[in-house]
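If you read the protein sequences in the order shown, they are chains E and W.
Note that numbering that gives the first Met the number 0 has the first sequence beginning at 0, numbered continuously upward.
Note that numbering that gives the first Met the number 0 has the second sequence beginning at 0, numbered continuously upward.
Everything labelled a hint here was simulated from the structure, so no lab data went into it.
Virtual Cβ for every residue (Gly too), placed ideally from N, Cα, C.
There could be a bad hint or two in this list.
[Said to hold, decoys possible] Dumping the calculated SDA-like pairs for lysine to any residue here, alpha-carbon to alpha-carbon at most 20 angstroms: (1) Lys8(W) with Lys416(E); (2) Lys366(E) with Ser382(E); (3) Lys460(W) with His450(W); (4) Lys137(W) with His307(W); (5) Lys86(W) with Ile197(E); (6) Lys416(E) with Lys366(E); (7) Lys93(W) with Lys300(W); (8) Lys1(E) with Ser468(W); (9) Lys8(E) with Ser21(W); (10) Lys8(W) with Val30(E); (11) Lys86(E) with Glu138(W); (12) Lys8(W) with Ser382(E); (13) Lys98(W) with Gly254(E); (14) Lys245(W) with Lys366(E); (15) Lys151(W) with Lys93(W); (16) Lys1(E) with Arg407(W); (17) Lys6(E) with Arg51(W); (18) Lys470(W) with Leu81(E); (19) Lys300(W) with Glu138(W).
[Claimed, not checked] Negatives, chain W to chain E, calculated, CB over 10 angstroms: (20) Gly52; (21) Phe92; (22) Ala123; (23) Glu159; (24) Phe215; (25) Ala292; (26) Lys383.
Protein chains: 2
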Amino acid sequence: MKFKIKKLKLGAGRPIAFIHESRAKELNVHVGERVQISYRGNKIIAIVDIVRGLLKSDEISLSEEILSYLKPKPRDYVDVGLALEPKSTRFIFKKLNNKQLSKNEIYSIVHDIVNNSLTEAEIAYFVSGVYENGMSLKETIYLTEAMFRTGKILSWHTREIVDKHSIGGIAGNRTTPIVVSICAAAGLVMPKTSSRSITSAAGTADVIEALTRVDFSPNELKNIVNKTGACLAWGGSLGFAPADDKLIRVERLLGLDPESQLIASIIAKKLAVGSKYVLIDIPYGPQAKVNKARAIILGKKFLAVAKHFKLKMRVVLTLGDQPIGNGIGPILEIRDVLKVLERENPPKDLEKKAVFLASQILEMTNKCSKGQGADIAQQILDSKKALKKFNEIINAQGRKKNPLKLARFNYNLKANKSGKIKSINNRVINNLGRILGCPIDKASGLYLHKHVKDYVKKGEKLITFYSESRKKMKEALEFYNDTKPILF
Amino acid sequence: MKFKIKKLKLGAGRPIAFIHESRAKELNVHVGERVQISYRGNKIIAIVDIVRGLLKSDEISLSEEILSYLKPKPRDYVDVGLALEPKSTRFIFKKLNNKQLSKNEIYSIVHDIVNNSLTEAEIAYFVSGVYENGMSLKETIYLTEAMFRTGKILSWHTREIVDKHSIGGIAGNRTTPIVVSICAAAGLVMPKTSSRSITSAAGTADVIEALTRVDFSPNELKNIVNKTGACLAWGGSLGFAPADDKLIRVERLLGLDPESQLIASIIAKKLAVGSKYVLIDIPYGPQAKVNKARAIILGKKFLAVAKHFKLKMRVVLTLGDQPIGNGIGPILEIRDVLKVLERENPPKDLEKKAVFLASQILEMTNKCSKGQGADIAQQILDSKKALKKFNEIINAQGRKKNPLKLARFNYNLKANKSGKIKSINNRVINNLGRILGCPIDKASGLYLHKHVKDYVKKGEKLITFYSESRKKMKEALEFYNDTKPILF
């Protein structure tokens, strides 16, 4: 079917064709389906979007990705036909039927994810197949390899590239900026990239963004690392293991996190930034992502895949039974981080965990002998060398002028009886943060005055809530009363 | 985050919000994800589409579905925030984990599919869950009930509403118009709705559309049926069991067809049009959708679900080992149908199957006694009462003026040796039809001069190919030579 091109400046990182509803009916295509667009012998697959106005029925609007590929003359015609499904859908079908995939088959799937040839629904089928039927060690290795090879890869002049990763799930657990500052101050190179929040109140990238820019090109990132020995960047805009970003987006719809994909995703990103040493932190506990038994198995699988890629890896299991630090929310968390670095009334649990993780990295890279890591890390922190390094990194990334002000409205929630705190529900605390406006409203969130095992007197402050909106504050309090996340 | 509304006349049957790339980044939303749009206390969930031009960064364009719900003043502001996932995603997760779903849980999923609250990726997770873990009889009944109750339902003054359905997969198998004409001529009421092609060269709706309109509103459909006793309509625009249309769209991405969803889908649509008697045709064979063993099991499950809804059902298993009729493609197939109805050189296999199916309906509705159905059906056909009824229906639907011309280019493929035909591959024949331009180019397709067990002399015509394009013709011939669908 012929369509006349109407230029509209569309584009969102993938090939999209806007067509009129009446023609879509004739073609029998629906929103989100694929069509093949041909122009003078060149063909490209596009995802359909349907409009009722905006275009005449014989017009089509093509996103920049398509225009730059087909290079049609303005107001010329393109031919639109039904697209055959990409071959990789057959391999996804195979995985759904519990068959092992070959290296080529896994590469084909990853390739089609990166090239936007697979729709999100097809990616969901792949995730389900892996979730239901698992992947062998071999398949996990192929997936890892395919993921990092289909994206940008950094290389460095030194071999001492270190990295850390936590599988996440613990509210407030903002050790990364502290660990990076300690390790870089000790002379290690740490090109750290982090994600934004997926289901929690804040991700490391959201927190750092309260102070500085976090979205860089690979070259900018290299410059920052060459200058300071480290960075605290957002991983999303860098193009490392790009298939992974799409997989995560589809996984999070249902909160799925198939083990082999989790492992492949983390290791692929570490390989892409050129890491040689990686510390993996697996918090376990009742409201963490895994319990202790699964944490042990997961750790072993991480090590098996890392070994294949000659990546030196250490796995630590840490107790993740309550939030870490006092602040939950971007600005509240960066304030905790600064308290630790500035040695002014630091949250003890956050400091302790950061020093522990840093000590592991110092020991595995032979920056010190076994057993000495904690002392050295503590020393770097106490001497404020870590603070100095942190400020270097933030300045190199472009420090923002804004002060770290908290949100307009706050509310102190007080204990209605005395007693010892038995448990604090991580997940509810994260949800509370989101209801209050996190991570978009950086100044919103909550401040925990008490932790598990603390003794509280009736009328003492338990939590302070922060929000930019009275309505969100009200919703958060209602949610708190419904869920009672703090048990005495 | 506040956005100013820019009116653009967008709309494609679901709530879509267009936002600028820069703001999407700040909100951390991607194409196809959900946001919540609020205006003066009213909230609606929308799917995000991202543009680079077209809008300023603080502008938003909302599809008509959203505007008609929120009724904002022109150029006023709406608030956009991240949407919490709908509750039904938890139930989908449950099914992926092989748990039984309750009636309320299944209703919640179907409801959210109909309301566009679930993305296609989430629907894919549901399909995978059912595909991997199956559904009990109870779950299948709940699914059926939820599907037909969330859509339009027709009611009639008579109880003699009959219907037929083939689970499909056989090229050329266009019995429906003949069966409907015979049964309606016998005095039964048959509000038949059909689908367009999904993976085959043509669906019944595509074929009928060569002669007449097929897209009606429920009221138009009722008028046609009240006037003629039957209709031959497209089911897609009528709003019967609307969740099913979306499920099928997602299923077809991978060619999945979970048994319980197949059963629920068919029975829900029959209940929605008010059927009291339904004949189910299950073609089996090596390239059909099922083999004989599975056909038997499937038939029993159909009967169990139908019984719950007090639907009188008969299931017939028919041999589907080769295409039926000579023409494959919309116009080529309607020509076969007309030959049968006009009693002029009809394809014998098509006639025989149509008479058989009609006989079953006549017997199950007690229009005749057991064993007499075939004679009566044949009589209605031979007397041209069926032709008369067919013409009434087509005229009531609005007969098109265009003659049934075949495509511009044709090519006769001849036998390169003599012998008896052993097999004809159904699937390849369907694919050939699609390559030649079906179902969009209605005049394209293929004509089979021979069937299985026919004796062919070297040089005799085997197939005539029809296409509107020389290129497609060439591609089809190459595909034919690669796949060799006819074996001697």
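Inset, instruction - Taking the numbered hints from earlier one at a time, note which ones the structure violates and give those numbers from smallest to largest. - result: 1, 6, 7, 11, 12, 14, 15, 20, 21 and 22
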